[in-house]
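Engineer: Sequence:
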Amino acid sequence: MMTATLSLTLLTTALTTLGAGSPTPPTPPGNPVGLERTVTTPTPGDSRFTLAAQPAVIRIDPGRSGTVQVMTEQPGGTPAAVTLTAEGPSVGSGPEKITAVFGGPSGAALTLTAGTDVPVGQHTITIRGRNADAEHTTQVTVIVERWLLVDDDRSGNNWPANNPDAPDSHADQFARAALTASGRTFEVTVVPYSGSGQDKDEPDGPDAQALSRYSGVLWYTGNTTVHPLTDTDREQLSAYLNMDARRVLLFSPGFVRDGTTNGATPAAPRAAYAPLITGQLGLDQVAFPGAAAFALTGEANTVTSGVTLNVASSVRGVLRPAAGTSALLKEGASVIVSGKANVGARGSSKAVLAALSLSHLSRADAVTLLGKLMTF
1 MMTATLSLTL
11 LTTALTTLGA
21 GSPTPPTPPG
31 NPVGLERTVT
41 TPTPGDSRFT
51 LAAQPAVIRI
61 DPGRSGTVQV
71 MTEQPGGTPA
81 AVTLTAEGPS
91 VGSGPEKITA
101 VFGGPSGAAL
111 TLTAGTDVPV
121 GQHTITIRGR
131 NADAEHTTQV
141 TVIVERWLLV
151 DDDRSGNNWP
161 ANNPDAPDSH
171 ADQFARAALT
181 ASGRTFEVTV
191 VPYSGSGQDK
201 DEPDGPDAQA
211 LSRYSGVLWY
221 TGNTTVHPLT
231 DTDREQLSAY
241 LNMDARRVLL
251 FSPGFVRDGT
261 TNGATPAAPR
271 AAYAPLITGQ
281 LGLDQVAFPG
291 AAAFALTGEA
301 NTVTSGVTLN
311 VASSVRGVLR
321 PAAGTSALLK
331 EGASVIVSGK
341 ANVGARGSSK
351 AVLAALSLSH
361 LSRADAVTLL
371 GKLMTF
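Residue numbers (this note's numbering): 1 to 376.
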């Protein structure tokens, strides 16, 4: 798939709806309903009007559609025609564009469909209304999301000789189920590992250029405690978070284990880990108390409010959030999952670190939790 250069503005033929009191003739065969549509609104000999769209912000994943209602209001009385058009560099036809079609009984229901290769992020659609004497515009923001699931848990399908498309661990199955249940469009990349499974220089995960195609990344490393992320992985995740409006959900107790050398006592992360742990994830200190069965509770006024989870015996980390970083889930007084907004060079990305193994949750709890964390 390619990243599009947003350039094309597509306007098509107008379809006229006649004024009140006049019968509406049937649409002639072959007459297209396109990006330009004439609608009728009441006015007592006054062509002034207002223009608005609801919702003003809409999320549409690649290959899917959403509908916006366009409303025109005038002082009331005699109908007058207002011509509507949808414009913008992202509007057009083809896999890298957002198609826009007016329809519905009044002609003011705007259906927007994101092509399969539309770049992720925010796209501004300008709706323009015109009549003989006036012209107004309103805008709709289309947010296009595409997620990447990075399967890096060293289960059977991560062996180079095995089929990467055969998810076998609970984490593999739970993560895919959660993304499907949330209605997200997503792709999967499987990170192979070395024969020993303990080699720090095992193959790296996707680099920042590969990650840039996605608005969000769910990366999980399983219950392993030795070098679950390579040095390069940490650098690439930092570079990704420096992009505009990106999200990272990192499930990796081993990453916390790697980042500290003092066991259960919280301390500043090791120097090599500080750029990601402190600089991007917003944690002053981390610790690694080892494996246990434990319960987690969500924090009030966060996306996890009201959540209670039982975790089977799992390695886990303890996190000390810095100012501006939220505690999302706690084991008693210890923070196990944190989240930080306003991350990265542009201050628009978000990052969640979960210092537990995804595979040690129940399937239902994993789906619920991931669904909430994706909205952080």
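Hints should not be assumed to be uniformly reliable.
BS3-like cross-link-like pairs, simulated, lysine-lysine; straight-line CA separation at most 30 Å [claimed, not checked]: (1) K372 <-> K350; (2) K330 <-> K350; (3) K372 <-> K330.
What follows is a set of in silico ranges between Cβ atoms, one per label pair, in the way DEER data are often shown [claimed, not checked]: (4) G306 <-> T67: 48 to 58 Å; (5) M71 <-> P95: 25 to 35 Å; (6) W159 <-> D231: 49 to 59 Å; (7) R64 <-> S194: 13 to 23 Å.
These are calculated hints, taken from the structure and not from any lab test. The C-beta atom is built at its ideal place from N, Cα and C for all residues, glycine as well.
Engineer: Look at each hint and say if it fits the structure.
Structural biologist: Tested hints:
Using a Cα cut-off of 30 Å, the hinted pair K372 and K350 holds, with the two alpha carbons roughly 14 Å apart. A distance of roughly 20 Å separates the Cα atoms of K330 and K350; the hinted pair therefore holds under the 30 Å criterion. As the CA atoms of K372 and K330 are separated by approximately 15 Å, the hinted pair is consistent with the 30 Å bound. The supplied range of 48 to 58 Å is broken by G306 and T67, whose beta-carbon atoms lie about 32 Å from each other.
Remark: the range hint 25 to 35 Å for M71 to P95 is upheld by a beta-carbon distance near 31 Å. For W159 and D231, the hinted distance range of 49 to 59 Å is not satisfied, since their beta carbons lie about 23 Å from each other. The given range of 13 to 23 Å is broken by R64 and S194, whose C-beta atoms sit roughly 39 Å from each other.
Hints 4, 6 and 7 from the list above are not met by this structure, while the remaining hints are.
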